[in-house]
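Visitor: Start from the sequences and build out the full structure, keeping to the hints where you can.
Chains as they are written, first to last, in the numbering used here: chain A, 1 to 149; chain B, 1 to 156.
Because the hints were derived from the structure by calculation, they are not lab data.
Pairs of lysine-lysine, DSS-like flavour, derived with a Cα cap of 30 angstroms: (1) A:143 to B:138; (2) A:134 to B:138; (3) A:122 to B:138; (4) A:94 to B:138; (5) A:58 to B:138; (6) A:54 to B:138.
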Amino acid sequence: MKAAKLDKQDTMEMNLVPMIDIIFNLLVFFILSSEMASLDHIANLKLPMASEAKPEDKRPDRMVINVDGNSNIIIGGRTMKSLNDLSRVLAAAKRTADAEQRRGNASQPILINADRNVPWQKIQDIMETAAKHKLSQLSFATKKGDKEE
Amino acid sequence: MKGLRRDMDNPKMQLVPMIDIVFQLLVFFFLGTHFRVPEGELDAYLPTGQGREPGPIDEIRVMLRVSQAGVGNAEVPPSVVVDKQACSMANLEARLQRLASDRRVRERVPVVIEAEPRVAYRWVIETLNLCRRAEFSKVSFAASKRNAAPAGGPSS
Chain A
1 MKAAKLDKQD TMEMNLVPMI DIIFNLLVFF ILSSEMASLD HIANLKLPMA
51 SEAKPEDKRP DRMVINVDGN SNIIIGGRTM KSLNDLSRVL AAAKRTADAE
101 QRRGNASQPI LINADRNVPW QKIQDIMETA AKHKLSQLSF ATKKGDKEE
Chain B
1 MKGLRRDMDN PKMQLVPMID IVFQLLVFFF LGTHFRVPEG ELDAYLPTGQ
51 GREPGPIDEI RVMLRVSQAG VGNAEVPPSV VVDKQACSMA NLEARLQRLA
101 SDRRVRERVP VVIEAEPRVA YRWVIETLNL CRRAEFSKVS FAASKRNAAP
151 AGGPSS
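Guide: Next comes the structure, spelled out in structure tokens:
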């Protein structure tokens, strides 16, 4: 009797399998739901609100032009020092877009992802530079909703 | 020797290192994840040719000007002039809705948003959003005066 009790106590182990199951489920959830920071989008921008905005189109070929709260123009993690820099980048984008179009692909879309408090002048400069290079497909990133947080 | 053989008879998987690693991964994803608020887009199409001078074509011009209180403060709404009549951001929607109540106006007459360069971007987007809500089909932005391209700039 004593021996049997001793045996049971000796071999008692924590059942780890359910815990591992749950942890794996959580892990899979986070892996699938997390979106790693990309160079394209600047996080922590305060976007303007627009209730009539259509859902975000996540075309991989889309060029994202970020404008941060200090009115810096940032493309692919690179800060444009002047409008000439921006013009050069857009000219290169236009050349690529033209080559793609010859292969039957759509034109180069541009998304302006700008902080809501930047002066309109900055956005106008970007739009006019894009228009100069005949890049006409443009959209403004907004947050969906009416009220600003 | 006997003990070793018994151990080999009952091999056990070492779970502790695996759990350690899985926990590390879990903590990484837990701290690294930030859920994105759904974003949207307002489309606009830029002209590929030259703009035009404001001509005889009927248009609804919405002018946004920085108010005195709004100098250096983007939170303060700009003063608004719609069709040469003073208005405010608060009643701009009602004004646009009234104009858009006529289907022919809504579909044919272009709305031109002309914002002063210092106006905060949010107010231009707000105006564009209100034009969309009023279902105007032609909305465009006036080009800046310092550039050679005259009015009739990008449209949405």
